[in-house]
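Visitor: Here is how the chains run, residue by residue.
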Amino acid sequence: MSDPPVIQTRGLTRYFGAKPAVYELDLAVPRGSVFAFLGRNGSGKTTTIRMLLGLLEPTRGSGAVLGYDLCALPPEARARIGYLTEDHQLYGWMSVRQSCEFQSQFYPRWNGKVLNGIIDHFALKPEARVKDLSRGERAGLCLAQTLAPGPELLILDDPALGLDPVARRSLLESMLYLTRRSARTIFFSSHNLADVERVADYIAVLDRGVLCACCTLEMFRNSVRQVRLRFAGAPPPLPKVPGLLQAFRYEHELRLILVRLNGQVEQALRALGPLEMEPLPLPLEDAFLSYLGEHGERSFILDEADRDAGEVLKE
Amino acid sequence: MAFDIAITTGSTTPIYKQITDQVRLAAATGKLGVSDQLPSIRALAEQLVINANTVARSYADLAREGLIEARPGRGVFVIHKRKVFTREEGWRRLEPLVDGLIGEAMAMDFSREELRQAIEKKLARWKAVKQGDQTHE
Amino acid sequence: MKALIQKELRELVKAAVLGLVILALLLLQDYHAYARAMRELALGGAGAGAYSPLAEGGLLKETFYFCAILGAVLGWLQIHNERRGDLWSFLVHRPVTRTQIFLAKIAAGAGLYVLAAGAPLAAFILWGIIPGHIAAPFEWAMLLPILARFLVGLVYYFAAMLVGLRQARWYASRGLPLPTAILVCAATNLPSFPWMFTAILAGIVVLGLAAWGSFHTNGFYQGQPGASKPALALALAVGAMVVAVAACVLAVQFVGPGDNDSSTSYYDIRKDGTIYRVTHSRFRPAQIVDLDGNPLKDAKTGEPVTPQEWYRLRAPGFNMDVYFPEPARARPAHAPALWFRCWQATPGTLWYYWPRYARLVAFDTSSRRPIGSLGPDGFSSGLSERGARFDYPPGDVPWASPTLRAGASVYQVQIEKRAATLLFTTDAGDPIGASLDIVPDYDWKYTALATRKFVYLVSSDGKLVWKSPYQPAYPDYDEIRIWLLDPPDQYALWLSASRRFELQSGRKEPPQVTWLSGARSIKSMQLPVLPGNPPGLDPTGKAALLLVPPGLAAMMPYIMDDPALTHERLWPYMVLAALLCVPVGWWLGRRYRFDSRSQVGWAVFLLLFGVPGLLALLSVQEWPAREPCPNCHRPRVVTRARCEHCGAAFQPRAPHGIEIFEPMSAPR
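Residue numbers (this note's numbering), protein chains in the order written: chain H, 1183 to 1497; chain G, 52 to 188; chain X, 2 to 669.
Mixed in with the good hints there might be a few duds.
[What the hints assert, rightly or not] DEER-style ranges, computed between Cβ atoms:
1) X:Ser368 - H:Gln1287: 55 to 61 Å
2) H:Ala1416 - G:Ser91: 53 to 59 Å
3) X:Gln30 - H:Trp1275: 32 to 38 Å
[Said to hold, decoys possible] Derived lysine to aspartate or glutamate pairs resembling EDC-like cross-links, with alpha carbons at most 16 Å apart:
4) H:Lys1422 - H:Glu1460
5) X:Lys8 - H:Glu1283
6) X:Lys446 - X:Asp462
7) H:Lys1313 - X:Glu12
8) X:Lys454 - X:Asp490
9) X:Lys418 - X:Asp444
10) H:Lys1313 - X:Asp87
11) G:Lys82 - G:Asp72
12) H:Lys1295 - H:Glu1283
13) H:Lys1422 - H:Glu1448
14) G:Lys68 - H:Glu1283
15) G:Lys68 - G:Glu116
16) H:Lys1201 - X:Glu628
17) X:Lys468 - X:Asp490
18) X:Lys464 - X:Asp490
19) X:Lys62 - X:Asp31
20) X:Lys3 - H:Glu1283
21) H:Lys1201 - X:Glu623
Please keep in mind that the hints were generated in silico from the structure rather than gathered at the bench. Note that this is a predicted model, so its numbers are computed, not measured. Where a beta carbon is used, it is the ideal one built from N, C-alpha and C, also for glycine.
Extracted from the complex, chain H is given alone in its bound form (with noise of 0.2 Å):
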């Protein structure tokens, strides 16, 4: 049974001046996954979600979501959407309760249990001023409002963004409460890699603009490989493989972090004349780093002065 997704974009697009901000964006998010959006700070992620919620005009390509286009989001389809901002935004004028009133006056389903549940988790008085709050303080009551209404679905931005462990750890169970009735999607743009790889079922990277990855995390773990060349003498220098993310030289060794270690690759390293090629386990966050990070060699090579450090700690 095809289950049309959640959220698609084809194409979809915005420029900034003359600098694309989001550039072909073909997005799928299958309904009642737990969808992460990945990218360093400035890649678009922000851009696209605010596109998805139909608050800024593509420059082209469009979009749907939950069956309705991008550019004309009905109320009800609002109704149906929980938005978390980045930032935490909220009328700082008002108090806990005042803000939670407001609200609730918009939203024809509002569960009242599942609000004071989690304003009781994150410990909220309910006349303090939104403003003198601490920064987990306001992402617990902005997550509380946003999963009152009981959407389906729910697109957080940044949501873990300047929060402290505990409320961090908070907003996960959170989330994850959510997910408790299928049918119900989640897609929010991240930072926290361990966050990521605990909740996540499928990934997006997004590196200026561009979508480079689009997998399940599990995919994405399977294809981010490090294997290990070590050489009798010094490294010869590396030919351009494809899928090359890193390379590390050392005196004797070449570390290498590659996405596909597939025939092809393994033969082109073989070339290079190593005396064993293993490959090493690497962690998630490390992939994920790789993968997001400046993509290139670098050389960790003892010069003289390293050299004569080591000799003054061995004695």
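Chain H is already provided as a structure; the job is to place chains G and X on it using the hints.
Guide: Just chains G and X, lined up with the frame of chain H:
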């Protein structure tokens, strides 16, 4: 049930594999006995604060191995381990662990003899437990 | 909706209350000033401040500035509250349409404005209307300017919202709605009420639509609803026009030809009747020469006479403008001075000339009620429309003059005795078009009258001194001047052409002077035309007119009632300016691939609005970037999926080899 599963993020082992490994080890060392109940998928996911699909995958793998069984309406239980792996497969899974053990021991300057004795001692205990298992059946 | 309105009210209430308090204090000040002036009057003082606070300048200026500022502050605050961070997204992502959110904002903001500005004003007006509080005439039409200025606050309200909303740079076009609001508010000075209110309401509607559209997209132009885009373009075009005209005028002042030696000349008469031409120049001393060109020299020193000395040598002159009201063009009463005219204060009474009754109305200073009126038929108590009326066009009533005219007669008015006695009647009941009391040194000596046929000079005891034919006749020549020459009973009579006549003929017309001795006319001559500024606009005005859209310029003569603005020679330039803008706009549209509806719409807009329209186009439109097409290598806009030259689609970025893609399937 004095059995606790803990996971770490940022490890070289995927989370689902950490769970299966821990359950397998617990079953093998006797921490988990036959007919012991494991937490449900939802409960374990909430406890570990991870995606329920990950737990589901571990449990599916364990069930495929024949280590656990889901009884509808009652829960997930450990069952007698059926031999699923061939000896080659089994050895392939075991080898890295043996390498690791030997490596650590060498790095800490234990001698071969010391290591062998330690293993023998552990095996003796294990044999006792395994015999205890067999008498139950 | 209710929750939104409550939230907006709560956010604005402080500013509104502050505004209300300030206006109440200002009005209280007006009240006290009036009470103090009336007290002074009762004590026998001059009563200089005893006016009607509802009509005079003070209240109008206060309401104008106050309403404008309060409206702008409220509008700005409503937008500024959501400027921080992503609050706009938070506000807009709700199961409510953006139009509903905007309407909630307006309901709160405009509603608070109406309360904060309206309540004190209403209270003050109510105080003024109730008889017994203000000792002055009251016309309901007097409330119209106050209402207009009250509505102006809403124009500024929407303008401030638009300024806050738009995604534009401050130094570029973000502040343009404010000059638009200023121009609309200048409409409060228009001479006719229907045009005034039309302009203000049009301003509210246009700026309101533009603000609504900008709210929809958080200030971007792309994606706005269809109705608001023309409104935004129009608002910015008007603002751009104001800024451009102001910049042009400033530039011409500083840089333009205004620097060369400009001079003005006029004719004047010495006490012995000789005519001299006085020329004031910017860079040279004043010159006084006679008709043969000889400069006037001081008899003793032989030096040319200085202007100061001239003022002692010249004969006293008295001007009057003749105006026979034409029934077809009745000018509506607009300015406060046209509703009534302060006349004089006698002990215990304030007198006003009230055009509604065309009589002098007396108000008792203690009871502050009208007690009666004085007309050609004498004083009668009470006020009645059926009394005899004096005869003056609106706005031309003199102040505290010894005489007033009606029909073909002139009456001497003695306010203390409450009497009006007939002074003089013209021959054959010829209606009088102008009358002037000649009061040299505060001593009333003569009264001059002009009918269509004759100019009369009457002495203060009612005897005719002389009667001279009014040639060339009204309406071509409508300015009359009478000089009293030094041997008494010698006079000079001057007639000069009306501006309308000069504009029609396209040149300056020669003035006519007649010398009279006693009742006899001695000499009559036509003076040579003085070189001076030709009628019409100076170069600054002409340059400024080029920037005015032809559409608006066509309407201006009707709105402004100024014949100079229909100067035909300027039309070709204005139309040319507009016609030049259309191709520029068309080229921009083709370069950036506007859709056909936008192309045509902008072409029509540029035709109507000329240069300011082009400025609006540049401010409003977000220009899409252009990139080289991967297929045909020509620049193509990024808003189209297909290249306009070769039809190729945009290519996704070339894969680096590190892509990881997997077809999506639903999780188990």
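Visitor: State for each hint whether it applies.
Guide: Results for each hint:
no. : hint                             : verdict
1   : X:Ser368 - H:Gln1287: 55 to 61 Å : holds (57 Å)
2   : H:Ala1416 - G:Ser91: 53 to 59 Å  : holds (56 Å)
3   : X:Gln30 - H:Trp1275: 32 to 38 Å  : holds (33 Å)
4   : H:Lys1422 - H:Glu1460            : violated (20 Å)
5   : X:Lys8 - H:Glu1283               : holds (11 Å)
6   : X:Lys446 - X:Asp462              : holds (9 Å)
7   : H:Lys1313 - X:Glu12              : holds (14 Å)
8   : X:Lys454 - X:Asp490              : violated (23 Å)
9   : X:Lys418 - X:Asp444              : violated (19 Å)
10  : H:Lys1313 - X:Asp87              : holds (15 Å)
11  : G:Lys82 - G:Asp72                : holds (13 Å)
12  : H:Lys1295 - H:Glu1283            : holds (14 Å)
13  : H:Lys1422 - H:Glu1448            : holds (13 Å)
14  : G:Lys68 - H:Glu1283              : violated (45 Å)
15  : G:Lys68 - G:Glu116               : holds (13 Å)
16  : H:Lys1201 - X:Glu628             : holds (10 Å)
17  : X:Lys468 - X:Asp490              : holds (13 Å)
18  : X:Lys464 - X:Asp490              : holds (13 Å)
19  : X:Lys62 - X:Asp31                : holds (12 Å)
20  : X:Lys3 - H:Glu1283               : holds (12 Å)
21  : H:Lys1201 - X:Glu623             : holds (14 Å)
The structure shown violates the earlier hints numbered 4, 8, 9, 14.
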